[in-house]
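Enquirer: Order-wise, the sequence lines are chains A and B.
Heads up, the first sequence is in full-length UniProt numbering, so the first residue is 1 and it goes up one at a time.
Heads up, the second sequence is in full-length UniProt numbering, so the first residue is 1 and it goes up one at a time.
Hints in this document: simulated from the structure, not taken from any laboratory.
Check each hint, because a few of them may be wrong.
Stated by the list, open to error - Some but not every residue of chain B turned toward chain A, in silico, with C-beta under 8 Å:
| no. | residue |
| --- | --- |
| 1 | G58 |
| 2 | L59 |
| 3 | P90 |
| 4 | M104 |
Ideal Cβ positions, reconstructed from N, Cα and C, are used throughout, including at glycine.
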Amino acid sequence: MKDIKKSIETEKQEWRKQQTQQRLKTSLTIVSPICLLLIWQCLSQSGLIDARFFPPPTAIITTFIEMLKSGELYYHITISLSRIIGGFLLGVIPGIILGLCMGLYAPIRHFISPIIMALMPIPTLALLPIILIIFGIGEGSKVVTIAGSVFFPVVINTVAGVISIDSIYLDVAKNYGASRKEFFLKIALPGSLPVMLEGIQMGQAIALLTIVAAEMMGARSGIGYLIWTSYSAFLLKEMFVGLILISFFGYIFSLFLRWMQRKLIPWR
Amino acid sequence: MGANPKISIRELTKVFYKKQNSVTALENISLDIEEGEFVCLVGPSGCGKTTLLRILAGLENQSSGDFKIERSTIERPNQSMVFQERGILPWLTVEENVAFGLKMRHLPKSYVKERTTYFLNKVGLAKFANMYPKELSGGMKQRVSIARAFANDPEILLMDEPFGALDEQNRYILQEELLSIWSETKKTVLFITHSIDEALYLSDRVLLMSAQPGKIMEEIKVDLPRPRKLEDIRSNPEMASKFIDIWGHLQVEVQGSRL
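Chain B with its partners taken away, still in its complex shape (with noise of 0.2 Å):
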């Protein structure tokens, strides 16, 4: 572990305030995530967990506290976000959609054609470059955003429960794919999800958020070895009992805010 943390958040809070109504999102949230490691935040729905991951993609400002992320090199950007599903545009086809923050940023075209193509072929879409999202399924409309986030190769990813709105079984094959891509370039990730399984077979470091004020109460470590199979998440008794453990602290939250 290095002596810089990858991403540091120091006290953040976010407080939503609408006519004389105010609601904490996130309060006091303090995190350090190092380099190369894959985290998963979980909590129940309206926990303020999209809206950390926004602060943290600047599409949001936080109402105070800070958060850093520590730079390699300055041409790199600091962060890319995969969206939940409807996060590619509809009107570039797949190539451009995945060539769009390369584009965005400038760089020579031969290289935006070289990068795109080699994430295309990770993906297994080289065959739809040039096709419409419309034509597309649900898991290759999120291959394809995964693609775009890796090609632009930022500090970290930010992940929005990318693959919340996939069927089981594509989900599982999506969760691999993203894998080997992720032990390939070794990025810093940081992953939602309401998935107490996804959490446990992608992650290296699992957090617990609760809702209204969301905050962070518990932090489980996953050290199961990789590369991982998804039969080890379900045979072994360890990661049994921290499925149990995370869902018994995460059914005490989601019956709280269903009152």
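Bound conformation, chain A alone (with noise of 0.2 Å):
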């Protein structure tokens, strides 16, 4: 009896071991972010880093808040979103249907992946020019040119989804006389969902990159634009609240794909 309450004595220490271990890690995160913004602030403040080059974060704070009174920074934010928004959409869409369309019918898969293979290479902004010359230079080329972007991962991906699924579960749907529609949303989609889902996360990361450089190239307004425009009048602490923004985003749509991953795929 007294062994065993030694045991648990020593077991219960081992717990509170790792409990601690765990919460130090956890810390650390948290605390590798502050220690940057930190000796950024000393650097810029003591004058070892160029202030106009590197304006300590809190004076990039207080230009955040007054770009944010202004109104100035809600309307770069909303136009910058809606066309990642749009675009993300008309990329994401088309490609999951080509995607499904490639993995299941081998003959379209075959016809359509040279051309994919061609044409994926090709950045999106190195064609900005063509789209800007079809499109105009109002909100259309922007939206395609993220749309663009955006295709080729989510379809590439969703053709390994399909092809990955095991053939098992074909076997299972044609065994129990699914229909050719069934088994598009029944056994393909749900089947390819989770590679799928990764290509989606990629083509996000890929909308923001593209989004920033098209607004640069070819916008008056925008996160993009913003960033650019500032740099250009030499104001610098308006492009870091650009940047900062852009970074935010990034994170919060990547969150947000994460939380929809565990949504749309709880049976992972």
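Take the two lone chains, each set in its own frame, and fit them into one complex as the hints suggest.
Expert: So this is what it looks like as structure tokens:
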């Protein structure tokens, strides 16, 4: 009896040790960005780095609040977000449909995949001049640019997802008399979803990269435009606000997609 | 015995051809299975028993020969298969998996619900209806698979080593459960297994297959009265001699296919 108590005590202490270690790890992830900001602040204020190029974080935050109050930021953010969301949907939805068709029907796959393979390496940004000629300098060209860059990773991952479905599930569907439509919706779509969502996540990252660059090159609004014009006018605090916004939205989007992943594939 | 067997297979042959190299998986299989009969197919790995089942299941085409499944009504599906492990869809809940066949046939919702609940209760999974397969043990997954096949109410049931991946104790329990559901519905069953014990316990008739080319070489009737207990197989001297008889045949085949 005594021995058991002693064993429990030992294990209890072991468990406590693990708990503190776990807490330490969590705090490390919180501490690291704060450390970076602190170092930046010190270096900038002490003049060790040029405050004109690297304004201290506190100054950036003040600028951020000012821009927020003036409504300028709100304008750029809503424009960029609507372009991203529009372009994202315009790229993802056809990407999924074409990917499923290519995955399910080998002739379609063999016919289309060389075209995809040939077009994929070309950065959509390099096509921006042509896109501008075709779609004009309005919203259409930005949305199309994003859609184009999101489309490829989604198609490729959806095809890979369908192909990776275990053949026994195809047998089950056939044996129990699934029609073509049911096969599409009940087997191919859910079966390819995990790999497909990875492609969508990749697409989301690319969409952010693309929007900033596209707005730098051919736009009169948006976060990318804000970054570029601030830089041109040497308003580096404003430029940093733009950069931080991009990082913030990237983080929010990936959190959102991870949440979606949990909702859409609860069976994983 | 009726005039028309439930399943009649005539000179069924399947050849796999690849780059000037052909393998005869099945050669001239002829076989009748009566309505309500439980038949086990035993043979060494690679003897073509799964191929035979897949042809009957419509998942593969024979090279020559024919088979017929006698239909009682038009509404009933011809056959349903209980697959080896991994045969249930991971993205559907237990309940949706059991209802799968019925839903594919677009039957009225209330009927689907009623039948699904009935068979979920039968296999003791009612409490797990809303869980996903990842949360189930191997034995529970095979119960889902069995419930799905019975719920579909097919003319015949095809079972492809459904208990092959289970541990021994779970296997005994599932065999017993299968017999209890089967005795209620009296379906015609063609069951593939490696296990001689399993074949003797479950079936009315054991068919022994040889490998390459796959042929049926021996037929052994098991006339032990039902309901059976697993202990009967072990303690009955007649069953023991049948076991030795079957093993004698298989031993030659297994050793032959190792060369």
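Enquirer: Could you tell me which of the numbered hints above are not met by this structure, giving the numbers in increasing order?
Expert: Checked against the structure, no hint fails, so every one of them is satisfied.
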